[in-house]
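Top line first, the protein sequences correspond to chains C and F.
When we follow my numbering, the leftmost residue of the first sequence carries the number 624, and every step to the right adds one.
When we follow my numbering, the leftmost residue of the second sequence carries the number 1297, and every step to the right adds one.
If you're looking for bench data, these hints aren't it; they were derived computationally from the structure.
A couple of the hints might just be wrong.
Unchecked claim - Under the rule of at most 30 Å between Cα atoms (straight-line distance), these lysine-lysine pairs were calculated in the BS3-like manner:
no.: 1; chain 1: C; residue 1: Lys688; chain 2: F; residue 2: Lys1685
no.: 2; chain 1: C; residue 1: Lys688; chain 2: F; residue 2: Lys1612
no.: 3; chain 1: F; residue 1: Lys1750; chain 2: C; residue 2: Lys660
no.: 4; chain 1: C; residue 1: Lys660; chain 2: F; residue 2: Lys1688
no.: 5; chain 1: C; residue 1: Lys739; chain 2: F; residue 2: Lys1750
no.: 6; chain 1: F; residue 1: Lys1612; chain 2: C; residue 2: Lys739
no.: 7; chain 1: C; residue 1: Lys688; chain 2: F; residue 2: Lys1750
Since the model is a prediction, treat every value here as computed from it, not as a measurement.
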Amino acid sequence: MEVRDDDLNIGNLYDAPPRYFVFAGLVFTPLTLDYVKTFGRNWRGVANSEMIYELYYRRNETPAKVRNEPVVLATTLAHPVNADMRLASRAMIDTINGKRIETLEDVITAFEENTKPQHMIQFISGTVECLDNTQAKLANPEILSTYGIQTDRRL
Amino acid sequence: MKIKTPLILASCIFATASAVFSQDAPEPDWQTSIVTFDITRNNFNFRIPWDKRAQTAAKLGTVIEGNEILTTAQGLANRTLVRLQKGGRGKWYNGNVEWVDYQANLAVVGVSDPAFWEGLAPVRFALADELKRNLQIVRWRGGNIERRAAEFSRFSVADANFNQAPRIEMKTSSEMEGAGRGELMVSGGRVVGLVASKSGSTCSVIPSPFIMSILEKRASGDYRGLGFFDFIWQPASNPATTKYFEFSGQTGGVLLIKPSTRPGAKSPLKLHDIILEIDGYPIDIQGDYLDPDYGHVIMEYLACRKKWAGDIVKFKIWRDGEKREIDYVLPKADFSKNLIIDGPVGKEPTYVIAGGLVFVPLSAEFLSSWGADWQRTAPFRLVYYNKQKAKKDQPSLVVLSLVLPDSYNIGYQERKSQNLVLDRANGRQISKLDDLIVALENPQNGFHVFVFNKGSSVQKIILEADQLDEANQRIAKRYGVARLQKLK
């Protein structure tokens, strides 16, 4: 039996290493059941309500607003470039530089295509945080090196 | 004699507040100023809304000018009998709650029997600069006055666990057991506040300046209730964020991320405004301001600092690259129009039972029946409505709370048929119980058709219309339900 692509993220993923993208120390990953299970056995109590709603309720209640692959800011690798950001880890991303984030690839495109002096990340909660564009680009290799990350993405 | 004239009462409060008092002066006899309450109230179970049980609660109050007793509002909702005792023992007198504000957590109680007031003396309240030293908690216990030392910790604004006006609280630590029932916090001979709750060794105290400001306003006859800021903000501590919004050359301020949380409300504030000052108080990047009485506290309290619902608050904001001044009208801390109805406090639960299907409004009281930690323990989907906006054609919601099993509804009695939000009944959109009553008068082709919100574990319940009355009578008898509906 084949699982529909739409349903992949709400079930267990086997033999599939997690997808991620690291930019300026911000680690983005798709919202999946596998991801929320990393919170522990009581993951339903730990995950924020937006995540649970997006994962299990949105598709039935407002299918027109469903994202193909909701993206989460999983963690922040501390560095001066992101030190002033007040980021809640495990926060869901709404837009980056005005682009609605439907998949992890959208995150990459939104950062790469931005020519403004700042990157603007808007979370589903409405919170907004910005990064200096130039400093973020410069910091990326150093952060990857500091934290021993071989590649900034696994897609 | 009971003083009722607002002007006289106002002048008494002013006189009390401004009276010169030395902390070295002889301490008043608290025995003549503290009274004990015995309250009987109906305790409703909003999940089984026809069920009510009598509950008794004991608390304390204090005598204030004008032959009145001041206490906290906690435990006064759905009261059936309020009795008071002076001197820690002896006769009980019937009391009457003359004024209560659950948002302010304060109430004023009167006693009509003149004998009650004999030998009682009103307290004096401490001023803002007298709140931190030589603190004691005083109460009646076992017929004797009990005193315990307390230590000042900080001032904070009460957590908005759900819909709540931003009250100022004084945090103190004390080892007094079971405190939090309106005990007096005193310093020298003055009342510093009322102990509203205690968690661990930390007491939350309603401070006297806040109490005095409310009593003064009430006495003037112009008390309109507490207001609140209906917007959501985030700290503007990230320089990249302030640069992005072209906010240059200034320090401080917070970024607005939701102009209004009230359904359908128009706000003079706009998304991504930066709030710099409120009523002349500069707001720092954490969202705090320096209060002359309480030190650094969160800016939410400026909605209650000598301001009342309907008052204008002056905002200095940064918008579109320039500074502007706007007038913000304080909305009343009334949350009864929210998608999850919250309040008014003390209202009996409403419900409709049709063929064993128990329908109730989706309210904060209903969700609170899952316990103090209801935001985690109540059904996720119901709690999540708190984060959603009301639809124009469905400003509030009705929930199928449970099914009383009967041959008429067999098959729908399982757990998955509980806590479902009703979308339509017999083709009619349902947002309140009155809509359901009208819908039940118009079955569709001989059937009552209940359609639940998309994604519910049960999508539809269909029952034969001509058997409904018979089933209702049978169910009412079997489950001991006196009334099959209660709409007000």
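Violations among the numbered hints: Hints 2, 4, 5 are the ones this structure does not satisfy, whereas the remaining hints hold.
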